[in-house]
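Undergrad: Each chain, letter by letter, is given below.
There are 6 protein chains.
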Amino acid sequence: MKISARNVLKGKVIEVTKGATTSHVRLDVGGNVITAAITNEAVDELGIAVGKDAFAVIKSSDVMIGI
Amino acid sequence: MKISARNVLKGKVIEVTKGATTSHVRLDVGGNVITAAITNEAVDELGIAVGKDAFAVIKSSDVMIGI
Amino acid sequence: MKISARNVLKGKVIEVTKGATTSHVRLDVGGNVITAAITNEAVDELGIAVGKDAFAVIKSSDVMIGI
Amino acid sequence: MKISARNVLKGKVIEVTKGATTSHVRLDVGGNVITAAITNEAVDELGIAVGKDAFAVIKSSDVMIGI
Amino acid sequence: MKISARNVLKGKVIEVTKGATTSHVRLDVGGNVITAAITNEAVDELGIAVGKDAFAVIKSSDVMIGI
Amino acid sequence: MKISARNVLKGKVIEVTKGATTSHVRLDVGGNVITAAITNEAVDELGIAVGKDAFAVIKSSDVMIGI
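Protein chains in written order, with UniProt numbering: chain A, 1 to 67; chain X, 1 to 67; chain C, 1 to 67; chain F, 1 to 67; chain W, 1 to 67; chain U, 1 to 67.
Pulled out of the complex, with its shape left as it was, chain A reads as follows (with noise of 0.2 Å):
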């Protein structure tokens, strides 16, 4: 599936932690470590694990400017 996301970012998983019902997946992306708040559903459906690629992906209207 290709999605209208405009932000596909290639990384790899560097942290996984499973909450409750949340789960916390750290990627690194390029030098940048990015964080995903995903429900632990996800994390076991797609095999998301530490040492694995991964995207994280951003729609762009969730982007914020800081200057």
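Keep in mind that a hint or two might mislead.
Repeated chains share a single entry, so a pair holds when one copy, or any two copies, can fit it.
Calculated cross-link-like contacts (lysine to aspartate or glutamate; reagent style EDC-like; alpha-carbon spacing at most 16 Å) [what the hints assert, rightly or not]:
| id | residue 1 | residue 2 |
| --- | --- | --- |
| 1 | Lys10 | Asp44 |
| 2 | Lys10 | Asp28 |
| 3 | Lys2 | Glu15 |
| 4 | Lys2 | Asp28 |
| 5 | Lys2 | Glu45 |
| 6 | Lys10 | Glu45 |
| 7 | Lys52 | Asp28 |
Worth flagging that the hints you see were computed from the coordinates, not collected in a lab.
In this text, all values refer to a predicted model and were calculated from it rather than measured experimentally.
We have chain A already, so just place chains X, C, F, W and U on it with the hints.
TA: This is chains X, C, F, W and U only, laid out in the frame that chain A set:
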């Protein structure tokens, strides 16, 4: 101001496209291009312009993972 | 790409309205109409057009419940 | 209250999973399953429970399109 | 309809600016100004206009904290 | 850092509830209570605690209007 958003990524503005009310701002962040859709008003107020240093700021609950 | 978003709903594009930078795309999803506000650029790049099959993709943290 | 969100989809609650602070609520909406991640507090206050009629409410700027 | 969003703030519309597809609506909420970016269509359908009472509705997962 | 988000509302922290990965933080903003769902990590890093001054920061595209 320090912000709770987990993702504050340093980059440089490479494109600003103004619409009727919504602008698209592109940053180069370590070789990745990140697109933000923000208000025209914010572009004006923060003086966002091509060549300026800026941060992409993204709440972790707005980041998805693709495999 | 498989995505962590829990909601990937199959439908058919029934309307595309382009604005200055933001388009509104309407899908028929099993008799319900779902409206997406996405960038013009995404509409062009994905070739989104009336009559095409498409998915509405929604992160579960963006869904509210009304009673 | 009438709401500006373009997507108000009628369904029935088929699952409620409570976490420490965040619940996952699943609705059957015309044969599609829609997952919402909302606060435990909202689940309690609105009395969201399996078998009840409910609406999935989604702002159009939170809907992406996949092809 | 009662909604799961934790933040439903009563105010009065003080400005409506229509774009090509996206409108900006400003509410005075107890002396604070809150800006919403919503579809033109929602503005028309709800009859949102300067001087009217209205609520700003915000899901708690869309609120960040700054210190 | 100045941020593009149009809504930066000054308040005082009145409640912090930590979950497994997600915290709920309540601010009193001019008599209105605003709830934010943020990461535990952000709560720790910013030292968010009852009685402290803080801002609720909300992107305008995440604000809906109810009538």
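Undergrad: Are the hints correct? Go through all of them and say.
TA: Evaluated hints:
Proximity of Lys10 and Asp44 under a CA criterion of 16 Å is satisfied in neither setting, with 20 Å inside one chain copy and 22 Å between copies. In the homo-oligomer, the alpha carbons of Lys10 and Asp28 lie at most 16 Å apart both inside one protomer (9 Å) and across protomers (14 Å), since each shortest distance falls under that limit. When the C-alpha separation of Lys2 and Glu15 is checked against a cutoff of 16 Å, the pair qualifies neither within a copy, at 26 Å, nor between copies, at 19 Å. For the homomeric pair Lys2 and Asp28, neither the shortest alpha-carbon distance inside one copy (22 Å) nor that between copies (19 Å) is at most 16 Å.
For a Cα distance limit of 16 Å, the shortest separation of Lys2 from Glu45 across copies, 10 Å, qualifies, whereas the shortest one inside one copy, 19 Å, does not. Taking the closest pair of Cα atoms, Lys10 and Glu45 never come within 16 Å of each other, the shortest separation being 19 Å inside a single copy and 19 Å across copies. Taking the shortest alpha-carbon separations for Lys52 and Asp28, only the intra-copy value of 11 Å comes in at or below 16 Å, while the best inter-copy value is 25 Å.
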